[in-house]
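Reassemble the complex: the two chains are provided individually, in unrelated frames, and hints are given to aid placement.
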Amino acid sequence: MISFVLRRLLQSLIVLFVMSLLVFAGVFAVGNPVDILISPQANQEEIARATAALGLDQPLWRQYLNFLHGALSGDLGRSFVSNVSALQLILERAPATLELAFAATVIAVGIGIPLGLWAGLRPDSAAGRLIMGGSIIGFSLPSFWVGVMLIMVFSVELGWLPPTGRGETVTVFHVPLSILTLDGLRHIAMPAINLALFELALLVRLTRAGTLEALGQDYVRFARAKGLSMQRVVRVHVLKNIMIPVVTVIGVEFGSLIAFAVVTETIFAWPGMGKLLIDSINALDRPVIVAYLLIIVLIFVVINLVVDLVYTALDPRVRLASRTA
Amino acid sequence: MLKRKIIALSAFALSISPAFAAELNIGLSADVTTFDPHFVAAQPNLNAQKHVFDTLVHVDERGRPIPGVATWKTPDPLTWEFTLRKGVKFHDGAELTTEDVLFSLERPLTIQGSPGGFATYVRPIVAKEIVDRYTIRLKTAAPYGGVAQDLSELQIVSKRAARSATGEDFDSGRAAIGTGPYKLVRFARGSRVELVRHDEYWRGRLPWDKVTLHILPSDPVRTAALLSGQIDAIEHVPTADLARLRKNPALRLEQAVSWRTIFLHVDQYRDHPPGVSGKNGKPLARNPFKDLRVRRALSKAINRTAISERVMEGLALPAANVVSPSVFGHDPAVKPEPYDPEGARKLLAEAGYPDGFRVTIATPNNRYINDEQVAQAVAQMFSRIGIETRVDAMPLSAYFGKARKREFGIALLGWGSLAADLALRSLSGTTNAEKGYGAWNWSGFSNPGLDSLIERSLGTVDAKEREAIARQASALAAREVAFLPLHYQIVTWAMKKDLSYLARTDEFTFAHHFKPRKP
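Line order of the protein sequences matches chains A and B.
Following this note's numbering, the numbering of the first sequence begins with 271 at its first residue and continues without gaps.
Following this note's numbering, the numbering of the second sequence begins with 889 at its first residue and continues without gaps.
Looking at chain B on its own, in the form it has when it is part of the complex (with noise of 0.2 Å):
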């Protein structure tokens, strides 16, 4: 008797389950420090944000920037246009007007004890004209064509909800108001993200009601939550498991090319640069790497296929570019350095150094996949065409600060950019302040026509024309060796067999991209 009852029961949960089912625990990699989505810039941030928050420009999933809750066209070079869709609404149910548009971009600039994120993406635009209900339009001082990348990282708030609002109140969901495809629920610190499906989301309806976004940062617990069935999906699969879950029937996997390229920064610009003696200890004459036969011997030492199968265990694509194959700005023509000691050896003889000399490779140890690994490879190469080389790793948290102030002589960094030019301007455009280039040029590399190039590029609003010239300075910047390209890291997702996730090359784990599948 009791034995039917709970078969009926459990018929009758059944026959009711595809309604609750509706249900999806993401585990993330890194924790969400405020539900402020002007306070700080970061990636881990932005990606629990964008499920409340919408932004003007989306960015697709191969990187480039698509209409988001706007689209946007260029009347002149100094203009930006953007139409917003009608009916977009609010969590609270009332409409997006160019009120709000215009209330977040003036707010990343407004906020006390910020440490400035988001001003760099709102700070080139100069003056903000409200046409009307739907069009906004904005102007910048030159021409600059990075403002649809730029403001696919400014997300739109309510100016009601939003207006007086502290980070208390963000982080407690009273201000957290946007045209997101998911509304706050609750924001547990160092716990999760509780969000509910947003009816009125203006893409159309989601299959998930609810969406739980679980902070798992321990790399063998994010694992171990999948397998044990309590996580539906999670993002950056450890590469030491990777083999184990792939094997596993009841799970599948997607992968994407990062944005990230690993590089290092070579010093080119000072007479004895840090780490880099003779074998004998002594300082040398002049600085090697200001010799371009030096820095492509470098290259030709590198077996960047051997890191990628080994080192990165398939998780990474041997890079020659600054940013990575589908980024606005890749030049397609360039490829990788082909693994060669023995031309390495050839143009370091060339050079004047038959018998090498000695470096330090410096690297953070807890900021990228494998990245002290990666370091250590990098010097066995150099050691064989006879560099003696030594790695000094160390967390990132102090990593940057010696880098700031310049004591590496070879450093390696990942960057995941939206363009090519904006990444160059960045890492390899003589530095300048006043002019905002060459911010983590560590390297001090200068190039005049690599400068110009970036400048035109920038400068050129018509997307098509942009990306020529963005391609030009990326095959320049390969050319001269700014800086040695290792690998484009190749991000992971784990999922239950019923899911698919369109894998993004930002990152990016969004709720709304994950689908239901016949398994």
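This is chain A alone, in the form it adopts within the complex (with noise of 0.2 Å):
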């Protein structure tokens, strides 16, 4: 076990080099940020000045040697625009993102499973069909349409919800959270639910199958002909063994829903981590591009080391050491 989180944790060592790697070069080859950022009346010694000031007057490999041996000292950089270090820039937005990708994981969840679960036990009904469409249409919809929809309807027409931006915050072990106030909760919603769709329409499929062909297989029929009962026969041995693809997709999905927030973000002006990275992005601000992605490969590898070790709670039979990552 402990060697296996080991050596796990060497391949995403290479890999968060690799990518650093990438990136810099990547941004390098776009352009200047100076070009972008520096006031418009500047002479072209200003604007030497100023890159030299960020650094960016020196040759690809030094600029890349300072910043890996400033990341190696826990530091990756300033932030070109905002003055203060990149990785704070990010921590200070991580609250808000996490939490939306918290909620939106719990409605799929909380939703998918249980319709997923209801169309595959009865997959002619009128019920499934209507769930299976209607996962369709989860699955095709832009999510930027959706959420100008949501807030057209919900904001504009009816009033409910307001349109944009993060509710009031509590601060639970210095990190700031929304969801715990009932203002917080009413900012989250419509957010949460636009970046839920998804995963909620790939969940209920995902459910559906799984439910469909554990229906077919002999233990159940088994426990049918011993006489349980339907509930039990679902809850003890339908739902433990579709659970596996389905804790590897909420895995999965999870990190994108972190990962690419950035449309949702957008739309309702949430002050997360994917709205940064855009507007860093358009800035060249290259520490905190590079830190944000450095910190979503981390946060990939750790959400893939979780699901391997929920595997072995959900089935015995897999062994960690077998595994290859």
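There may be inaccurate statements among the hints.
[Stated by the list, open to error] Going by beta-carbon spacing under 7 Å, a handful of chain B positions derived as facing chain A:
#, residue
1, Thr921
2, Thr922
3, Phe927
4, Ala929
5, Ala1007
6, Thr1008
7, Gly1078
8, Ser1106
9, Pro1108
10, Val1109
11, Gln1118
12, Ala1286
13, Gly1289
14, Ala1321
[What the hints assert, rightly or not] Just so you have them, the derived chain A footprint on chain B, three or more residues with Cβ under 8 Å:
#, stretch
15, 1052 to 1059
16, 1301 to 1308
To be clear, the hints were calculated from the coordinates, so they are not data collected in a lab.
The C-beta atom is built at its ideal place from N, Cα and C for all residues, glycine as well.
What follows is the structure, encoded as structure tokens:
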């Protein structure tokens, strides 16, 4: 178990290294942020001075070595546009994104699995068909459009929910959270639903397919023959067996929700990390772009690790040592 | 019984609401990256920071410098003497003195890792001398008329609060102590800026107790937030929503001609500009744009009225000058080139290109209002006089880098400036790094007559004389078609019926310029 975790960490270090190199070179190739940031009135001398102040006058390899040097001591550089450290900038935004992703996952799991189960148990009923039809819509509607529609209906027409922004926060262990206040919940409702739609549709399909497959298996028939109630069969035998793919998807999707919440964050002016990334790319704010991607890779690594550990809990046959990452 | 209670309660709520109503929520279109007022000279940052910090020189709604916390005179062409108003109070109660001014003038040059926006404005000042608590004398190395315009960008911080402050200290509000109309309560990056009224503001009491600036970069959402009533006013109304908002009886609009001029830079210095070739794809014998007749032909081919009315949906005014009508140095005698495709074809034939040639217009696609569509429209108009035109659109971050490497033959650019001579120095002055001319002169335009006019204008301290020369420079640049002016953008604010806003040519959205109004 320990050697498995260690090997995993080593692999992720290599991934982090390669990725930082790629991003570094990529952003360098796009252009000089000073061109975008400097006052239009600045003359050539000021532009050169500003470029030097950001360390961008040096050859790429030296810039990268400087970055590595800082990164090894935990300093990922200072933002070119914000005058604070890149890491702090991201951590300051992380709670908003994490709670949004968490809320979306709760919605997707809480609604998706029961609906999928229902559709799997009664595949030919009207409700089952309706659920499947709905899941196709969930897949195919662009989340930007859905977001704007949610705002138009619930904020502009009905006036029930505030259209944008994050609500009041309370600080728990130095982390500002908005899902613990009523105002916060009112603000998070629409973005969380918007973000959850895709995963919800995915879970519905996955759970339905798994349920259909499990129902045909011998152990289910045997359990039924033994005289167990359908309820118990579903709870103990079916659910437990379809959980492995579902857990994988929830894990991977949680990572995606964090990394790709950007569309939802932009629509609802949600002050999360995704929006920060887009702004940083537009301003070529390299320290923030690199730091953000490093953190995202780290999050994916951790999630995958957790998923693997959950497997062993769900299915005793899975052994960590024998799995290759 | 219950019902009566509710009625009584709501009547009570109504009766006290005027006291609570003095709250203003504004939707801004771009993110504020820091509250350090000297870190990066980006307009969205200045927009938020100028609520908290004041400047020696203010800019009126037409873009002209007026006295701010100080008045000024120029005893000789090298000296600018600023006299502070007495009794201007910082948010912590201390009085503003010349010590704070001196500190604020020096601070931009000392910040580590700053992309350096503000150094440009303070570097021309070579010596500073405090005369007394309220008077400071600034010296320039050579006569320079742009000091007032430059100092309208430089925000005054409290020396005591900002002396050893980091960027984090400004963001948290600890060091964000200014003399501006509002105190910073909370800066939630990417989300909102919360402000409360500074009761001792030197210009008198303001109508709003509490102001929140919401960061809403997404266009449809900014509009939706206004329609839902969450927000009282928004800036930069999207062109697509304009007609709808105009018809809404609960809302009103305010508009001004923006200081931003949109134009095309046309390569006039290389023999073979990128993207320019004969219709057979082979390079031309020489650069056609070096010929004034070709540049004039291009200008005549552009139907500026059509662009302003259709592509820009009325949110633009056809342009002729480097700066928009109310800005310093605009020459009203210079009129937009009328649309004349016949004349354009004739000029092209005269210049030896009866069959035209091939060009590419480069444009950003996320910077100016409808920038890519404007370039497309111009391309069609060029094609109509026989110049086959392609459009190469890209995001701003890639665009500026390529333009700086001179990878474009024709390139679209927008420019907002407070003075024509300052704009021309950057855009059309002969490129000369030592003099600081032509930093954005992508076209390589060079005209000694224009250079000397710019130099004389900037070297004139008397505003009236300077403007006369700046106008001549504007006119000369237009006559020589240094660039192809397209339009001045029109900037729009939308707000609830019971508000009014003093629409500003410099596009700033200031809470202190919103006033309650009888609907």
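Each hint, compared with the structure:
no.	hint	result
1	Thr921	4 Å, holds
2	Thr922	5 Å, holds
3	Phe927	4 Å, holds
4	Ala929	4 Å, holds
5	Ala1007	6 Å, holds
6	Thr1008	4 Å, holds
7	Gly1078	4 Å, holds
8	Ser1106	5 Å, holds
9	Pro1108	5 Å, holds
10	Val1109	6 Å, holds
11	Gln1118	5 Å, holds
12	Ala1286	5 Å, holds
13	Gly1289	2 Å, holds
14	Ala1321	4 Å, holds
15	1052 to 1059	holds (count 5)
16	1301 to 1308	holds (count 3)
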